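Hey, can you work out the whole structure from these sequences and the hints?
Protein chains in written order, with my numbering: chain G, 254 to 596; chain H, 254 to 596; chain L, 254 to 596; chain C, 254 to 596.
None of these hints come from the bench; they were simulated from the model. These figures come from a predicted structure and were not determined experimentally. One thing to keep in mind: the hints can contain errors.
It does not matter which identical chain is used: a pair holds within one copy or between any two.
[As the list claims (entries may be wrong)] Straight-line C-alpha distance at most 30 Å; calculated DSSO-like pairs for lysine-lysine:
1) K478 to K367
2) K524 to K478
3) K524 to K367
4) K367 to K595
Number of protein chains: 4
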Amino acid sequence: MHAVTFQAPGEVALAEVAEPALRAPDDVVVRVDASGICGSDLHIYHGRVPVEVGFTIGHEFVGTVLEAGPEVERVEVGDRVLGTFHTACATCTPCIRGDYHRCAHGRTFGHGSKLGDLQGAQAEKLLVPRANLTLRRVPEGMSDDVALFAGDVMGTGYHAVAHAGVKAGDTVAVLGLGPVGLCAVQAARASGAAQVFAIDTVAERLAMAERFGATPLHLADDDPKRAIRAATGAGVDVTVDAVGDPGPLALAVSLTRDAGVVSGIGAYAGKGEVPLGLAWLKGLQLRLGLANVIAHVDRVLALMQAGILDPAPLVTHHMSLADAPEAYRVYDAREALKIVLKP
Amino acid sequence: MHAVTFQAPGEVALAEVAEPALRAPDDVVVRVDASGICGSDLHIYHGRVPVEVGFTIGHEFVGTVLEAGPEVERVEVGDRVLGTFHTACATCTPCIRGDYHRCAHGRTFGHGSKLGDLQGAQAEKLLVPRANLTLRRVPEGMSDDVALFAGDVMGTGYHAVAHAGVKAGDTVAVLGLGPVGLCAVQAARASGAAQVFAIDTVAERLAMAERFGATPLHLADDDPKRAIRAATGAGVDVTVDAVGDPGPLALAVSLTRDAGVVSGIGAYAGKGEVPLGLAWLKGLQLRLGLANVIAHVDRVLALMQAGILDPAPLVTHHMSLADAPEAYRVYDAREALKIVLKP
Amino acid sequence: MHAVTFQAPGEVALAEVAEPALRAPDDVVVRVDASGICGSDLHIYHGRVPVEVGFTIGHEFVGTVLEAGPEVERVEVGDRVLGTFHTACATCTPCIRGDYHRCAHGRTFGHGSKLGDLQGAQAEKLLVPRANLTLRRVPEGMSDDVALFAGDVMGTGYHAVAHAGVKAGDTVAVLGLGPVGLCAVQAARASGAAQVFAIDTVAERLAMAERFGATPLHLADDDPKRAIRAATGAGVDVTVDAVGDPGPLALAVSLTRDAGVVSGIGAYAGKGEVPLGLAWLKGLQLRLGLANVIAHVDRVLALMQAGILDPAPLVTHHMSLADAPEAYRVYDAREALKIVLKP
Amino acid sequence: MHAVTFQAPGEVALAEVAEPALRAPDDVVVRVDASGICGSDLHIYHGRVPVEVGFTIGHEFVGTVLEAGPEVERVEVGDRVLGTFHTACATCTPCIRGDYHRCAHGRTFGHGSKLGDLQGAQAEKLLVPRANLTLRRVPEGMSDDVALFAGDVMGTGYHAVAHAGVKAGDTVAVLGLGPVGLCAVQAARASGAAQVFAIDTVAERLAMAERFGATPLHLADDDPKRAIRAATGAGVDVTVDAVGDPGPLALAVSLTRDAGVVSGIGAYAGKGEVPLGLAWLKGLQLRLGLANVIAHVDRVLALMQAGILDPAPLVTHHMSLADAPEAYRVYDAREALKIVLKP
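Shown next as structure tokens:
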């Protein structure tokens, strides 16, 4: 079968790879109907996250169950399904605590042998282990474009807001309006944020955030700190940093009210200078880390089914698997918000 | 000045009463622009909650600040303000814990000497103690009809949902679609409930709940238990009982999923038979009690200002203070959802 | 091999039963070194919980791993282990939420075909499914008598306290000083309760609670309500009802301060009259249900290893498997707190 | 009367100052029986926190009520009382939320006009505003030395642990064994920590932590990271950083398990380099800030009364007010853990 494989930094290629087959009694083989290209795929594309040459990439998918092991209960052959971007063992200490994203045996689709040796979803077929934990039926009437988001980008936006403990009536700021930030805007509104301030420098993204119910603020032109102080007095209850750099984190600290929460969902790396004195004086909580999408997927699906969360506007491109090299070029050039690949 | 006073069970009258005057440095005198008649006023009207003859009743109000003591900071003379239905001392042990509704020195407007000896709001003027805790400016553009709800009925609907810990994506059932139940429907949607089931026997109330985004279920005709089981599989995450009788509580227990929450906001009285075995087997939490409106009023106001909560459709009647006897008759006959009295 | 089997109401017998064998890749076969008789075994003994004639009973055990399937990771052949009283699938919706005690596929040891068809622990050997979830190594130096409690009775006492959200400095009352109540006394102290009031009618149990750091109160002789009111002013922050009848629940409601929590760990059955009016007026939370021992077992073990929880004094009898009929008679006559059976 | 006053960086002096007098109806005047010198007094002593020349310093005290305004309810003339280190208004938005430490009108004793213009406690008498919020009766039998800690240092240690959400059975590390760190060790044990690792470089402090039930680890000699990894496997559930510098914070991040909490109670200043990548990868929460002692004081007192928290061993010196210049020299030279001044 065909699959999008990593070849070298800056180079992916459609290649002929082995068909997946069931190995464990709770495995499923899915025919992939649609897969997404995600920001974290670019780390692989550029070689910053090393995967083996020829490894199939991709971790967002919607598909149809072709085969299911005897212990699979959640789905059946023929079901239209979506999946989470990683699996978990469900029985290690972090999993028992509910921290599926920190599973001691977690495996991420399409991220090479270091992250679990699980071939990716940008392919015609996909082996899905631990299907009872990671697969869900697509609710009737939900498009591929929407369902694709449940187990990754929308789950991440939801996590950023839920992990911060947003309450109905709170004010929220979101820094960085890539797909995760835009999903966080929706999740904040869905969680009852009375006002959401959406901050970026790209006009189209600000406009989309405004369509999602946010107050758009241009990072450079609008003086977000002054605008938010004017609107809220004390600062926002919660700031979501969907960028993941020390600069936005420092801005987040300044935007947040005393005893508020900064939710750092963006992928920080290395060391960074943080305004510790101000954060301490304000009594802030910084809640960092990857999303726990397995814990959230049922709620996210319910909200998407109700139309309360709707990521469809984020899909700017539909392309074919065969066009993957071009799709990665477009995505890397930031010409697309979300590209969906179909076989 | 004129005020609506209790005279005898089933009888209220407009009477001439003394003008209020500032006593403490954090007191405010408000000119009442609108007051509401509430379900709990009926307990007084019928003599079930005893108040002195001639006592002014009413505890929902919007008005204008006429005088303010020297320690009042939140509002100024001339401000349009709304208030909570009770005051609290802010420094007793329950208050320090944040349980303002269980204040050791709490006083409820218009409930006689037993509940703090605080004259009521169905009057031309009102003395408001502890104004820094209980008064808020009405946000610009908000009508009296809407603002009136923040410190009582909508605060109670919000409490029912917040106290139950509803999370975005949850399913919620609301039993009893009086004003509090209908506000709970809105609060549940505002808090991210993916689906809200609204249960009552009155067609108009079911229709209004549906307008607020709920799935209406007629208690007798629709078999709510079967309908909710069909829609959710395991039952709802949270059930709000806005009735306050053992019957609805037993239904609430049966509608709620294992390890879910029943939020009993309706005023229970005396003893009642509860399906303890089923509640225990399911591992439920029953969270009972009056609303902590002081703790919620800022968030409720923010949601009303954003248009996310909108109680305006609940106001079915506008009448004058002078018509209070007729207004109580109409309200007692359940011909109105909410009656607003203007001077 | 030999096992204690149910024969008829009031009759158990040592019988020759089939040896267990591994079936699934995460199964373990344990040689049982010690098993306990528990209050819930009496429900079986008396036929109130129906199990098949000849079914092996018992669900508390410590043993040694004889065989382990290829997916077992937590323990190895030869390890000394303890187990929880039930298994869970780890991947159904309640399990993903962390509610292992409400697993859709949960199986309880020694409770007949209705509760999962899992032979019991009062036997020479035991088949343990889902061993990664339910088995733990016994920490070095911990006796069988202590370890036996981690996955059942002490886990239940811990749950009663943890589920109520006891904070360091709180006051706690415990109603009913059977093994679970006595473990709840220890768990309350371990969780930082500044004062624990322990209520029962049996002098020995009150004395043991006092040894565990509680203030003993005789239900009839000491007027617990008055004593607790005198000591605390407002009532206790949390009351644990370890009895499970409406009477103790009503007492619990009266002992608990406004906005406090009643944790109902005792097994309620059927319907019961509850002082709903008082509970509502106080704004109480009633948190009911079985213990989630799988979620707690690691913390309970850590506390037992540190000597902070120590159930050893509860073991009043050591007997042999062959003496099981006599052991059940003694236990049923309430002559023992905990009986440990050895092969 | 006499009071310890700031004169110049490095210089304090006993001076004759004006007697305090009641101003507001909830004021109290206290005769100070004992006051403490605290680490934050050194910031004033060295001029890093600027106060006016001649301002009375000190914010830890035990005393006797000399006069009480008419609205004071918690205490009476003649009562032996202790106080919190700051006051709060109880009615601003942060206070209503329970964040008394972030009160918009908070005033700190002995910190000059910038922090509320409230004369300090190292004096013969003290004016205490908002007495219903900040004063408590000293429980019978409690010494001055112990009571002195409730509203400041022990409240801070308690906060560090409570704010981190430590659960019974958790493991905790404490970095920095000054008075706050040592109190955090006690608070962690009191909250049910199964094991507490206490890290410092001073042998006496390590020894005292060990007496308090901790496992002492010398920062340089013991390789705390390796030792904690060996003991816990995954790292501790919670790390308390009682130092307040980027270095200890980085160590805290490395010691804490995935999805754990770092509680930063030490006073950070300015900007600092933080291992954001590691903290993000682990999914940590950093909870920073000053202690909310008003929220905790009743629980802390209850634990001290029960003997569960006992700061008495931290008092290394008793001196007289007149010896204050020498006392500050000794404290600044780190020759004392806690110095108590008596008139």
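Quick rundown of the hints versus the structure:
1. K478 to K367: Close across copies (25 Å), not inside one copy (41 Å); limit 30 Å.
2. K524 to K478: Result: close both inside a copy and across copies, 25 Å intra and 19 Å inter.
3. K524 to K367: Within. Shortest intra-copy distance 23 Å satisfies the 30 Å Cα cut-off; inter-copy 35 Å does not.
4. K367 to K595: within (27 Å within a copy, 47 Å between copies)
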